[in-house]
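Those protein sequences? They're chains S and X, same order as listed. Residues in the first sequence are numbered consecutively from 21, following the working numbering. Residues in the second sequence are numbered consecutively from 31, following the working numbering.
DMTMM-like mimics (lysine to aspartate or glutamate), calculated; alpha carbons at most 20 Å apart, straight line: (1) S:Lys268 with X:Asp431; (2) S:Lys246 with S:Asp94; (3) S:Lys268 with S:Asp94; (4) S:Lys63 with X:Asp327; (5) S:Lys63 with X:Glu335; (6) X:Lys394 with X:Glu379; (7) S:Lys268 with S:Asp252; (8) S:Lys130 with X:Glu185; (9) S:Lys69 with X:Asp327; (10) S:Lys130 with X:Glu47; (11) S:Lys133 with X:Glu186; (12) X:Lys450 with S:Glu267; (13) S:Lys254 with S:Glu78; (14) S:Lys130 with X:Asp179; (15) S:Lys217 with X:Glu186; (16) S:Lys133 with S:Asp194; (17) X:Lys456 with X:Asp220; (18) X:Lys167 with X:Asp57; (19) S:Lys133 with X:Glu47; (20) S:Lys268 with S:Glu58; (21) X:Lys169 with X:Asp57; (22) S:Lys217 with X:Glu185; (23) S:Lys254 with S:Glu267; (24) S:Lys130 with X:Glu186; (25) S:Lys159 with X:Asp130; (26) S:Lys246 with S:Glu165; (27) S:Lys170 with S:Asp94; (28) S:Lys159 with S:Asp252.
The hints are simulated quantities; they were obtained by calculation from the structure and are not laboratory data. Everything numeric in this text was worked out from a predicted model, so none of it was measured.
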Amino acid sequence: MKTKRMITNAACYVLLTILSIIWVLPILFVILTSFREEGGSYKTYIWPKGFTLNNYKELVMGVNSKISGGTNIDFTRWFFNTLVIAIFSTLLSAFFVLCVSYVMSRLRFKMRKNFMNIAMILGMFPGFMSMIAVYYILKGLGLLETGTLKQLSLILVYSGGAGLGFYMAKGFFDTIPRSIDEAAYIDGASKWDTFIKITIPLSKPIITYTLLTSFMGPWVDYIFAKVIMGNDTKYYTIAIGLWTMLEKEYVDYYYTQFYAGCVLISIPIALVFLLSQRCYVEGVAGAVKG
Amino acid sequence: MGLFKRKALKYDKPRDESISQVFKKGDTMTRLSFFVFGLGNIVNKQVVRGIIFLALEILYFVYMIIFGIGALGDFITLGTAEQGQVYNEALGIYEYALGDNSMLCLLYGVITLVLTAAVVFLACMSGKSAYCTQVRKAKGQYIPTFRDDIRSLFEENLHAFLLALPIIGILIFTIVPLVFMILIAFTSYDHEHQPPGTLFSWVGLANFKSLIASSSSLATTFWPVLGWTLIWAVSATVSCYILGLLLALLINRKGTKAKGFWRFMFVLSVAVPQFVTLLTMRTIFNANGPVNVLLRDFGIIGATESIPFFTDPLLAKITIICINIWIGVPFTMLSTTGILQNIPADLYEAAKIDGASAPVIFRKITLPYMLFVMTPNLITSFTGNINNFNVIFLLSGGGPDSLEYYYAGKTDLLVTWLYKLTITQKDYNLGAVIGILVFIILATLSLLTYHRTGAYKDEGAFQ
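Sequences and hints are given; from them, build the entire structure.
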């Protein structure tokens with residue numbers, strides 16, 4: 021019996037090790053290539069011949085004069101573009117989400133059920149089916165004239181429909197006992213006071229979760245950013261910027277820098293993700309633990 | 031107690047009547063309020079509220095007279111004057127004349143329709159508000175002032191206050207564009223009819239017909255692409271789910287030590303942004319990428335050979351599904367771990383005492399329990415996979431291209447085809463039709479499956 025268990029355990033460990041290697045190897049490949057000394061794209065070997073920090077340095081400092089037209093690649097600028105867009109769209113969409121989910125969870129009014137059904141139906145259309153229409157509406161509003169306005173419209177696009185994603189936060193608000201609200205009403209608080217002074221402070225995990233998830237959106241979105249920014253490389257976000265570096269005219273020179281950029285971006289995003297996972301677990305667990 | 035009484039009296043609302051009831055029971059002023067907004071409020075000393083109603087109505091009519099009526103006319107015809115050269119007799123030369131822009135006609139038409147709908151809603155509100163005041167006056171009750179109205183936004187009308195901005199956002203960025211695109215599905219807005227150069231017009235269901243039931247290259251593209259979309263969605267969802275569940279079980283089993291470490295190894299790949307992993311995978315499986323290099327080094331393939339991971343149609347499909355497993359399994363592992371720990375331990379013990387083997391326990395206890403809890407998740411991930419733009423677009427770009435297809439490759443999903451048709455090919459009407467069809471597929475599938483699941487029918491089965 022004991023030997024049998026040992027064999028099963030050993031088999032499990034072997035399996036887990038193999039699987040972990042499969043899952044870690046590509047990440048290792050990214051990190052190795054980002055430190056690779058030799059330029060150029062594909063090599064006939066995997067382990068780099070030499071290691072260097074230059075890929076990172078050149079990427080951040082913007083030393084890109086080696087090829088013509090390379091000045092379009094401006095990683096630092098893209099980083100801050102994305103950061104600004106992410107911060108504003110996060111604040112806006114978190115505000116929308118909290119408003120809608122609180123209303124849906126706590127207040128009872130005539131159109132409530134209708135609103136929730138409409139939200140579900142709207143969610144079933146492919147997200148970027150309406151992309152072209154959004155593009156023309158923004159153009160009609162004159163929001164695509166300059167690069168800064170384009171950034172504003174990107175913020176609006178990321179946060180405009182955010183109110184539809186209220187399910188998670190609503191589920192959280194549902195777990196806050198109503199008796200707390202009622203106690204506040206008896207003490208003379210208005211519904212607004214209850215929302216601001218009681219529900220919001222009790223909802224830290226879900227607020228953090230909402231903030232973090234909407235913060236990650238702009239860093240990883242490719243489609244909308246590309247459609248709105250077009251060829252305005254100065255105002256690119258990170259995702260389309262990195263994609264540009266893999267295009268045929270750039271790839272030979274920027275291949276290793278591309279991976280350096282990936283590593284640089286992955287670190288903060290990974291931290292934000294791990295943080296949001298913790299909040300997600302707390303959020304699902306509910307507000308008041310019994 | 032006194033406080034509550036006064037409050038109750040102050041906000042005593044007449045029963046919520048339907049519009050026809052209000053019209054029947056209301057006096058002349060109330061009835062007129064449906065046409066002259068705010069009239070009933072103004073005559074009953076709710077001046078500010080009445081004036082706001084009235085001002086909105088006047089604004090609407092000014093808009094309609096200056097712009098709206100013309101826009102509605104253009105909406106029906108989608109423009110009549112084609113851009114081109116017009117002979118100017120006075121000067122005796124051909125002049126370049128701007129024609130109508132069908133696309134703008136359609137867009138402004140939609141906006142005008144939405145505004146009109148809002149005004150109809152406003153008319154109902156005005157009528158109801160007038161009726162409310164009329165009833166209060168008849169009963170000799172307190173008539174709320176404008177200040178009371180403002181205060182009510184933080185009290186019994188808080189929902190209106192909080193929802194106003196989000197709903198405006200949803201209207202502008204989701205509903206208006208969606209209505210616009212749905213309407214485009216019924217027009218001839220394709221690469222041959224590009225405003226402002228040429229006009230397009232209403233064509234009814236012709237686009238649906240040519241996509242679904244014609245012998246043109248469109249229909250011969252649509253059905254195979256739909257087939258692959260469904261195969262992809264089913265296999266991607268099922269494979270990620272089952273394998274992720276097994277991985278979670280493997281890590282969570284009693285004998286495994288250092289659970290946190292193993293979990294970390296897999297979570298690492300989740301934390302990297304998806305487009306980074308996808309672009310990396312694309313290079314890894316490239317004709318000269320590391321995988322082919324390794325295979326050459328080991329002598330499995332010749333020194334100049336390479337396995338066409340993304341260029342052979344069948345192999346490309348398999349590669350994509352495998353890469354998707356790489357991406358999806360850690361996600362499933364994360365989300366199932368918590369639920370696995372919630373399965374009552376006595377179920378397992380009872381099974382063990384009865385002498386059940388591990389596979390039997392998995393099939394009879396773990397899987398049913400997990401399916402019960404996670405069916406809604408499975409439906410969401412199935413929907414997500416049907417719309418999984420990123421994986422296909424960033425990995426294979428839909429390729430390898432096919433000559434039999436209409437601007438689609440062998441691994442294109444409906445959504446990536448939609449993208450190509452609209453962005454590259456500018457066949458907006460076809461793109462819109464595909465969007466509508468995807469919606470119909472998703473809506474029916476989720477309704478059917480959701481109503482059949484245990485989680486919906488029998489919420490307490492495992493409690």
